[in-house]
Structures are given as structure tokens and as C-alpha cells.
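**Q** Residue numbers (this note's numbering), protein chains in the order written: chain A, 1 to 331; chain B, 1001 to 1339.
None of these hints come from the bench; they were simulated from the model. Any given hint could be a false lead.
[Claimed, not checked] Taking lysine to aspartate or glutamate and the EDC-like style, the derived pairs with C-alpha atoms no more than 20 Å apart in a straight line are:
#1 Lys-232(A) / Glu-1245(B)
#2 Lys-1182(B) / Glu-290(A)
#3 Lys-1271(B) / Glu-290(A)
#4 Lys-1221(B) / Glu-1237(B)
#5 Lys-1183(B) / Glu-290(A)
[Stated by the list, open to error] Going by beta-carbon spacing under 8 Å, a handful of chain A positions derived as facing chain B:
#6 Pro-172
#7 Val-223
#8 Glu-226
#9 Tyr-228
#10 Ile-233
#11 Leu-252
#12 Lys-254
#13 Glu-257
#14 Tyr-286
#15 Asn-326
#16 Thr-327
Just so it is clear, CB atoms sit at the ideal spot from N, CA and C, and this is done for glycine as well.
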Amino acid sequence: MDQKVDIRELNEKIQRESSFVDLISMEMNKVIVGQKHLVESLLIGLLSDGHILLEGVPGLAKTLAINTLSNAVDAKFARIQFTPDLLPADLLGTMMYSQKKEEFMVKKGPIFTNFVLADEINRAPAKVQSALLEAMQERQITIGDQTYKLDQLFLVMATQNPIEQEGTYRLPEAQVDRFMLKVVLNYPKKEEEKQIIQLNLLKSFPKATAVVRPADIIRARDVVKEVYMDEKIQKYIIDIIFATREPAAHGLEKYKEMITYGASPRASISLAQASKAYAFIKRRGYVIPEDIRAVCHDVLRHRIGLSYEAEANNLTAEEIISEILNTVEVP
Amino acid sequence: MLKIKYPILLSLLLWSLSPVQAQQVKISASLEKDSIWLGDQIHMILVAEYPEGTQLQLPALRDSLGNGVEVIAAAKRDSSSIGDKRVQLRQTYTITAFDSGPHPIRPIPLIIRQSGKADTLKSNPLVLFVKVPNIDLKKGFADIKKPYGAPVTFKEVAPWIIGILLVASIVFLLIYALNRRKKNIPLFSLPPKPKLPPHVVALSELNKLKEEQLWQQDKVKDYYTRLTDIVRIYLEERFEVKAMEQTTDQTLAEFGASDSPISGKLYSELKQTLDTADLVKFAKYLPLPDENHQVLSNAFTLVEKTKTEATEAPKKQEAPEVKTTSVAPEERNENKPLS
């Protein structure tokens, strides 16, 4: 499978098409202090048409980040707070009887938007979770006997609170797998926290202005797909994925009993797509091993099943991925 | 007088003939010992010596020899030639007695057939004395003694020892094989060859790469892949950095500091080599022939200027003690890039 690619031409194209990345980053940095990784992950999700699962304690600017992104992209945004009594119809929409017109009319739900923040997704029961995840996968919603396509630019950012587990419904592994990235947010640094306070004490809180249109993002996605990925890089991805499935065969005998299941083929696809998007953000027309490493933790951390033995030893998926990256040979 | 003399001489001759036959066949019976304790078992041995061709018929001593002496078993008959055309027959009987006192054993009769004639000879009589232990009846009845434990012979335990050794060997071999398999080591392997210093291996590989002329055959990607592998393996062995598992940026981050063994021009050359290789390997970059020469030359310089004579690589912090060579790689014939 020898692709005819002119890297120089592709690089020039990427330089042209990726100019908005800086603009979006600048707009987001006006509003959000720190959380560089979150902003970068949002861009990766946006450019590779993937959804993001966010894990972090409350107050880390998760809502603000996606809201700001929607403002910068000039797109529609909806925030849905997931609660135990939420119904799929509250999310997708329902048929309502109009007395005036004497017929049933479709009332579309909040999911018909560009950016969705599914806040505390694990608080809603399984049927609501599955309704959302189905919409994420199929990009269409059926209400009554009518099927509606979602916007081409459709990004779901779901959040999970890691500290409160009571009264929550844990996302099944098969559904978590549908999120391209799982991003773990940490507290800001001291200097960043100081800037956050100063920003919030201003008379008017800064607001991001629209610097790019959804159509530009759609066009950029096509360019991202063109980013060249050499066979050596593909092999590197496969080696990493297989190391999660057969750790003993890759010199990681100690993790044989720690991993109950490894990453799925969807993980391989996500790793390839996310690394292409990362290379695009870095203004490169080709993927290098650094790109794989940069997105590997976010792509794989929710796709590796840990055994009870691993949990008893306080071993995290994070540590396993780091060890795999330190063991698998770089091309 | 003569009338009386001849019958006497004839009777003397006839008398002397019968002892001749008796002298030809000798029978004797003996006991291992004269006396036994009540119920003890001893051997009675019956030995007959006779000329070859003589037929001898032993009596079938079944259960008893009479007088309270019982026959327990009869061993297999044993005959052997004792020379002078004579044969010795030996028959052993195991006997016992359960009555105290002397037990006379009657002579045992044997039938001899020689030259169509049959005759009966008897062994000597024997006496077996059976002793009874002194029992103090005042002490009353004593418990029945348990059977005596016979001493264990090697023949008896040998199968067990062999079996245990066999099972232990199989278990050991299984554990050994499983351990080797877990560590991905073949079950049987030759002892590892002594490790060559990293610079020797690297220089040899670089020379081989130069001779193969890969990029001249349009195998540019293979050329850069091999070159970076050689450099990364050298860095790994020489400086103990995990270069094979690191990206270019990570490898370069290990060096570059002013106190690092690879700094200044050497660092710039390493960076140029790895960056160009990344472009070739991952971005279909086609470098100019000069660049192909340059990266190989850079690799030679790196190895030459950072090599140590010792087999063991020093720690990263101790690395500054590097033996540098005064001869530039360009001046060395084997390291000259191809023109």
C-alpha cells in the first residue's frame, strides 16, 4: 500500500489550513487559564471527529472550556446535566401533540447541537447513557418513525466525577470505548490559580469571539485525514495495542495477571486518528512516534481492564501505559 | 584243611565286595546346630557322593521326620561334579520341632541304581535337642510379642529411591522448562558469547552499512533505519539510556547539556542525523547524496569520540571521562564516507 504523497505540498497545505488552530488557542487562552492539555485534547477531538470523556473534580473549567470552544468556532452549544431521573426523551426529543395543528409534532432535544457537554454522565441510568452513546456513534437520532441526522460538527464532551461514586451508574466498558479520548484533569498550578482569581475579579469576564466557522473545521478534518502515516508508525501503534493484550509476549510478564482485557481495534483506529490530529496541530504533514506518545495515554487509559489484583496493588492503567511505551521499540 | 580253607576264602571275597559298593556311594546327614529353641527353624543337610552314571533316588520327606520333627520346606536339589568322575548331591531341608527334649532323627534311606541293580543306603542318624526357655510361671501370662521387624534391605528400597529420583527429576525439569518459557529463553541454549564493547559493534555495523551501499540502490529508508538503529543501540549500550524505546526528542533530551558526554558540535551532529532519519523514515523525505554521506560520517564521529576501551559502560554521571581519539574519522580509511 504505497501512497503517492508529496510531503512538501502536504506540509504547505497544513500550514495554510491549520492557521485557525492558533486563533482558537488564543481565544481559549483568553478565558481559560492553564489546562493546556484540555484545550489540546478538545482540538484533537474536534479535528479527528472523536468524543471526549473528561474526568476531574468539579470546578476545573470543564464547562467553560467547551463553551469557549463553541464560541470560538461559532457553533451551537448545549449542556445537559445528567441526573438519575433523566429520560432518553429529555436528551433526544419527543413527539408532542399540537392542539392548534391537531397533529403530533417533533420536539427535538438538546442533543441537536454542535457541542454537547454531558455533565456527570455517570449519574444517569443506563438507558439514557446508551441513548447518548448511540447518537455519538450513529450520528443520527430516530424520534417516532422519523430519523434525523445530527450536524456534521458534533462533539460530545462527557464528564465524570472521580470522587463521588454513590448513586452513580458506572459506564459499561463497551460504551466507554466509544469515547476517543479520556482526559484526566488536574488542579492548576499556583501561578495559574492566581491568574484565575485575577481574571474572575475583573468587571467583565472575557468572552471568546468567533474566529472560525464550522465549515472550516470540516475542511480541516479532511486535511487531517491526509496527514501521512508511515507503515513503521502503523506498526508502532499495533505493537503498543498488542502489548496491552499480550503483555507477556512483549516482555511485560508482570502485567499478565493485571490486565483483564486489552485495547480494542477501535483503540488502534483512535490512536491513529488522534496522532494525525496532533501532528496537524503541530503543523506537520506526517506522523512521528512523538505524536503517538503524546496521545497514547488519553486514547488507552479507559480501554484497559484492570484485574482485582492490579487494584489491590494500586496499579493504574496510567502506569501500565507508561511501562508499555518504555518497553515497545520506537521505529 | 583245604576243604575248609576254600569256603572261608570265598565268603571273605563276597564279604569284601559289598563294602566296595558302599565305599563308592557316600551318604551323610548333618544339622546346622545340635540344639534349637522351641519352634526355631534350622537346616538339615543331606549330602550324597556317588560315581557318575549312578541313579540316586531321594525319599520324599513330606511333613514329618517322625519323633516330633517337622519338615517345613525342602530346597531345590543341588548337584555338582567333585572330580574323579564323582558327583555330589546336596539337599537341604528346613525343619523345626515344637516339643522339648531330644528328638532322634532316623537315618534317611536312599535308593541307588547301578548297573541294573538297586540297593538302599541309609544316612547316619541325628539327634535334635529342643530347648525350652525358663519361664517363671509366677509372673503370670505375658502379652504376645509383636512380629519382629526384619531389617530393610537395599533391594527392597532401591525401586523407591529410583522412583523418587525419577519423579523429582521430572518435576525439576518441568519447573525449569516453565521458568525458561516464562522468560522467553529456549530450553537448551549455548552459553552466551562474550560481549563486545559497544563501539566495536557499532563501528563494525557502520562499516558493513557503508559497504552495502543501500542508498545508492535507492534503499534510502532502509539505509536510515539501519543507521539510526546502530546509533541508538550504541547510545543504549554505551550510556545506558533506553534509546531503542525512546523517540528522537527523548533521546536528545538525555544529552546536550554542557557536562554531557555528547554536547556542542557532537550533539548538533547527532540531532541532525536523527532528525534527518525521522524525515526519511516517516515523511518520505529524499535527502541529497551529501546528506547521506554526512549522517554516516556523523555516526562514525560520534562512536569514535565517545568510545571507551572498557567493556562496561560507565554511569551517565561518570560519563565525562571519555577517551577521545586524535585521529578524525574522516582521516581514517575505513570510516571515510563513500564518494
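**Q** Next step is simple, just say for each hint if it's right about the structure.
**A** So, going through the hints one by one against the coordinates:
1. Lys-232(A) / Glu-1245(B): Holds, at roughly 14 Å.
2. Lys-1182(B) / Glu-290(A): 31 Å, violated
3. Lys-1271(B) / Glu-290(A): 15 Å, holds
4. Lys-1221(B) / Glu-1237(B): 24 Å, violated
5. Lys-1183(B) / Glu-290(A): 30 Å, violated
6. Pro-172: 34 Å, violated
7. Val-223: 16 Å, violated
8. Glu-226: Glu-226(A) check fails; min Cβ-Cβ to chain B is 13 Å, beyond 8 Å.
9. Tyr-228: 7 Å, holds
10. Ile-233: Cβ of Ile-233(A) sits 6 Å from chain B, so the hint holds.
11. Leu-252: 11 Å, violated
12. Lys-254: With a minimum Cβ separation of about 11 Å from chain B (threshold 8 Å), the hint on Lys-254(A) is violated.
13. Glu-257: With a closest approach of 12 Å, the Glu-257(A) hint is violated.
14. Tyr-286: Interface hint status for Tyr-286(A): holds (4 Å vs cutoff 8 Å).
15. Asn-326: Holds: closest Cβ of chain B sits about 5 Å from Asn-326(A), inside 8 Å.
16. Thr-327: Check passed: Cβ of Thr-327(A) comes within 6 Å of chain B, closer than 8 Å.
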